[in-house]
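Heads up: the sequence lines are chains A and B, in that order. The opening residue of the first sequence carries number 0 in numbering that gives the first Met the number 0; numbering runs sequentially from there. The opening residue of the second sequence carries number 0 in numbering that gives the first Met the number 0; numbering runs sequentially from there.
Because the hints were derived from the structure by calculation, they are not lab data. A quick note: this is a predicted structure, and the numbers were derived from the prediction, not measured. The beta-carbon is built from N, C-alpha and C at its ideal position, and this holds for glycine as well. Incorrect hints may have been included.
Unchecked claim - On the chain A side, residues computed to face chain B include the following (Cβ under 7 Å):
id : residue
1  : 19
2  : 25
3  : 37
4  : 40
5  : 43
6  : 45
7  : 51
8  : 60
9  : 307
10 : 333
11 : 335
12 : 458
The residues making up each chain are set out below.
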Amino acid sequence: MARFVHDGDQLPDEELGRLVDAVVDVPGLADELRNQLVVHELLGQQLVETRGDFVAQVEQRLRDDRDGMVGGLSSIADLLPVESAESDETNDDPEDAVSVTEPSLDLRAHAIREMEQWQLRESRSRARTVYAGIAALAVVTCAVTLWLLNTGPDYGVVEAGNGVTVTRGKLVVVSPSIALEPNDRITTEPGVETRITYRDGTSLLVRGDSTIAVVESTPVIGKSLQVEAGDVSANVAEQPVNRPLILRTPDARARVLGTEFDLRVRNGRTRLDVRDGRVELTRLADGVAVVVGAREFAVASAGGGKGFRPRSVEFPGVTWDEVEPAEAGLDVDVLDRFAKAVGGSGCVVRGGRLVHEWGDPTQRGRGSRVSDVLWSHLLLLAIEEKQLENLDEPVHRTVERLTTNGVPEHDRRGKDAEITWRQLANHVSGYGTTDHPGTAFHLDGAQTGLLADALVRNVSLEDPAGFDRNVLRAKLTGPMQCEHGPTIVGEPNGLLRIAPRDLARFGLLYLHEGRWRSRQLLDYGLAATAVSSPVSNRIFPSDGKPASILPGGERLGEPGPSEHAGSHSFGWWLNGVGRRGTRMWPSAPVDTVAALAGDVHEALVVIPSLDLVVAWTNAPSRDWEPGRDDPIDGLLVELVAAAKGRR
Amino acid sequence: MYDDTEIADPEHMDDVTASEFEAILHGTQPRIRAYIAGLGVAAHEVDDLAQDVYLELYRNFERMPLEVEPERWLKGIARNLCMNHFRKTTRRKRLHRKALGEILARAESDLLETHHALDLDDVLAGCCTKLPERSRRLLSMKYEDELSSADIAEATDTTAEAVRIALYRIRANLRDCIVRQHRLATNEA
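The shape of chain B in the complex, shown without the other chains (with noise of 0.2 Å):
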């Protein structure tokens, strides 16, 4: 999970700081990510708001109350920021996409909770393989390949919309995967 790399910006911070954030970042910026998708961010758009969050972190990090958990703090942060970039939308999307992450913040993702058990990166490449041929060959065509759905369904010999609905039910597979993951590293702990 951590790397050597060091945060590169010895003069900002003294080394005990340094290294918290090094930790931080590196400990929590996947679920973070994850977070950020999750109140409806678009994709492509989900990174760049990351590093601003870690940017708003770093810039500030005395300002993190030592009681509070440095995961739940960036989720302020992050919600924050999501919440004026919806604002720059055009007004009737802005409107909908405000309400809509709205909305998603308070939606409940189990997914998200599983955070002090597991490393979500292996659990989810663990899921993966116990998926059918069929469904990895989906899922690598759309991620590590980058195909559109209507490449897919060319390919494939079917219709985008049925390539839609079935990643829709592959993640929602995955999502119980991790979440029994969840509940016997739980009941192991």
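Isolated chain A (complex conformation) (with noise of 0.2 Å):
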């Protein structure tokens, strides 16, 4: 919209079509970008030198009608017909009814639209001449081709173009539409799309990023793709009860008669999520099927495991939905056990519903290290909305402070000009340390001070209040409908102020892999990012010393354990493997991720495998180093045998 509004004139066509489809699917679009279009005319009205005599201007336009360009209007009447407002079909007010002549005598204008029509007419006088003659032999084509394409195997056509490859054998097809072969390939680049569509209506939008492959499709066996990775819609017309449109992945197999449905691969990971009709999806580790029906979702792993189950894909509106917890599948008893050895406040989610609470969740907190992961979250949509290149682009082509003259102040040996974003949201750019960029991991502050600052004043150009208000709630807490107020402005601004239960909404986002309802709020390819992208057990924790960092610059959050145990991802603890081989929460299932305080007195935990998110705050104050005497692993332990061997 932004775009549009700035250089309208210069957006592609097929942008121009996404935006007519935005501001009819989102309600609230369209008045929006008429605000945006008024404000912005009056703003060039008001500052544009050029445009503050338009009253000058209908004068001497007024005049020119007066002393000669009568002849000209009857010349124009001559050559462009005259446009009545009873023409016009979305003319529903009779005072609107006015009957309208070909605007603007300009002279200039007025040569141009005469060559333009000449122009125009004689083109198409040509060209009835040739499509007369073409005519007759299309017939005949035509209906020979239709006679063979629907009688033979279907499968499929894609829209191939920049970004989109289509493979045969070793060859690479080139052609602006590709009707498909058993065992082509398509791939797609990131950030691109395309669209297989068969006869018989189907179609599949094949997102960027993926690879696709043509496996066997003819009126026996029925149409059938493999998604080696990637991110594919569907919208499926009925399918023979027989024939049913096969899509396999590494993982899984779903056969689909006649739906719309998304298929995300990636990472050892198949999640099918029904938007309507009903989809079997088969895990191929064991051979267990499930059937997913609308509004359901179901996650196959290639390592198996518990929760291959559908499940409804819930969100809370402005309040919460509750459940009691025997109907979410939760022993009472022990989630009581639980938040008692939690302590402070917190709440349990389960199914996108409310299920357990206690102390006072509608409270914010203090702010602690979970603030990291907010941070990576609006690092992340600032790259999917470009307001940068991409994780590895050094940061100082955006802070130039950290690049002063070639000789910064603070950092004297000029190797902070190294930091990237990816280094910067991972704790391993060396900020405020001796440490090289991406050679030690060491957690504190100042690396989610210079983030949060970059991204605060550098970035969206705010101050916090402003960043507060135009990124935080118009991006992230208010379409989540954030019932409690969560903010980044306090002493000092950017730790996440928030409670338990809308820190529990944005464990929700992530366990939906970025979808809110309807809306992916971050693109889910980045969101899959920010929980699988551990730093690598060959850096070891810093040894470095304290070096400075930029004048004014904050410290944000409390240190956190030095020790990553190859499970830290863009502020995120992971259930991952350390050096030692051993994993980070052995209680837990393998998918869990958490968003911790240094001290873990406020938390975040989502387990998708068990559709749980559980929050926290003010909680007391633990020690924890991981793979020593690791509070979350008791904590877990609870969690996990709440919902164990349930639903």
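Using the hints, build the complex out of the two chains.
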């Protein structure tokens, strides 16, 4: 929308079409766009010097009209038919029924229009002659082609173009539209989409960074594709009962009879979300099959495991729907023990509904390292919105003061010039220590402070209050309908102060891979990156000395554990495997992720395979270090026990 | 709001009508231009179309019903001219442009409803003074200096997209401020 307001004429047709779709689909967007256009115009009227004399321009036009343009007017009338408001099908209001002649007596514009009209008439005349000759041939050709197409196998047609490659054997097929054949492979580059369509109207949208192979498709076997990686949305026409559409992935097989769904394949995990209809999903690891219905999802992992069942996709509205623990398949006594063990205030959510609470989960916490996952989210959003190029871009390109004249005051060695956004978000940038970027892990507030400051001041060009309003609320907490005013404004600015109930919404967002209801608040791939990119075990904890940071820089959040244990990813703690080969939390499912304060007084835990989200604040402080007396594992034992064997 | 310039055609209209036309022109032109912009007409074409609107009013002044508010009549003319204008673009773009124009025509713009209580120019100027200095500088570069987003990005060491988004937010803030001023003015009236 911002680009349309500034350069509407330059917007490619496809993007203009998408904008039209968006203003139709999203309530309030048309109003917002119109207000933007109006304010843009008002600012232009007030500030652009050449636009200040509009009244004088009208007067000149009136003089032209009186003085000499009457003849021109009749010639215009000859060439260009009078447009009557009655012929405008959108004109319902009789008071709007004004007969309108072609506008503008401006001579230059008039001459250009005359030329265009003449050229148009000439080209139409030539075209008619050619068309007549082709028409007869086309009729015959079409009849034959249609007969052939409707009786032969249908492997689909793909729109190929920039960023879409169709490989046939060792050759690359080059054509804007390609009729697919068995064993063809379609790959899309990141950010590029394409569509595969079939004769019966079935349509598959293949999103960026995907690889699809055509298997076999005949009237006997039915349509079949291998989704090797990526993201596919499907709108499937009703298929014959004994010839369903089959989509295979490395981990699962989906049989589709006629429905709309999304299939996401990444990192040994296949997630199926059904929007309408029913899909049978089979986990290849053990052959277990489930039927996923409308508004349900299921996840099949390469390693098998519990939790492979259809689950409802539920999100809270302005308030949370509540459900009894037993109905949610949780043991209330065990939940009570868990809450007592954690302390403070918190809540447990399952299936998108509130199951259990303790303390006062509507009270915001005082802010902690949990903020790291928020700033990572906002960093990834800035990349999705193209405010930044990519994660591996040097930060100094945006934060110039990191390198000032080649010899920055705070960093005589100049090493901070090499810091990338990825390193900063993963606490391996060396900022604030003598470590070189990318060489050591150090969990302290300097890196979070720099990331937050850069996103607020340099990327969004805001102050903290403006950022809170125009970015945090507009793009995240507002769409999630957070109830208790989460904010980054306080002492210091940048620490997220959030109530457990609202923190749980953030957890639910990541449980659903960046989706909230029908909106993708963060690209699915980027959301997946945040919780699946652990720091390499080749990177050791820092043993560097403290170093100065930029003048005025804040250190946000308390220090955290010194060891990452192969389990730290963009501020999230994963249940990964450390250097010694031991898992971070042996008692918890492999897909557990958490955002943790340095002393665990505040935390967010997400366990997708159990459809669980837990959040707490203001709990007693605990020392923790991965792999050594980790209190988290003890707490998770209780949580998992509450859910074990139920549902 | 009004200046002493007379409409330069005393022979085409009688004095009373000319005076009335002048009053309408002076009193409505900012909103009519904003209305046209709000239908999605490109910024560099807004004033041309707006001139056509007033030319049409001038030529057919007697057709305007007495009971209809002039600004409403002008918006009707403007809407028809804009739809004609969209029809002249290339076929594919024309369909999108026309569709968008119709959607935007039906959309709400509370800014354009504030006219009875406020002089939009004064209010906008007042709201601009309340913006942070950084935001005012961005507006100055964009509208006074007429720099492109890419040029502004280079000057502020950021990206063109970041500039566009920042300006988008600034306009949203201004819109909120104008609406607030209108509510205050309406309550006081």
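Evaluation of the provided hints:
1. 19: holds (5 Å)
2. 25: violated (12 Å)
3. 37: Because about 5 Å separates residue 37 of chain A from the closest Cβ in chain B, which is inside the 7 Å limit, the hint holds.
4. 40: The hint holds - residue 40 of chain A has a Cβ within 7 Å of chain B, the shortest such distance being about 3 Å.
5. 43: For residue 43 of chain A, the interface hint holds, since the closest Cβ of chain B sits about 6 Å away, which is under 7 Å.
6. 45: Given a least distance of 6 Å, the restraint on residue 45 of chain A holds.
7. 51: Because about 11 Å separates residue 51 of chain A from the closest Cβ in chain B, which is outside the 7 Å limit, the hint is violated.
8. 60: holds (5 Å)
9. 307: violated (41 Å)
10. 333: violated (47 Å)
11. 335: For residue 335 of chain A, the interface hint is violated, since the closest Cβ of chain B sits about 46 Å away, which is over 7 Å.
12. 458: holds (6 Å)
Violation of the numbered hints given earlier is confined to hints 2, 7, 9, 10, 11; the remaining hints are satisfied by the structure.
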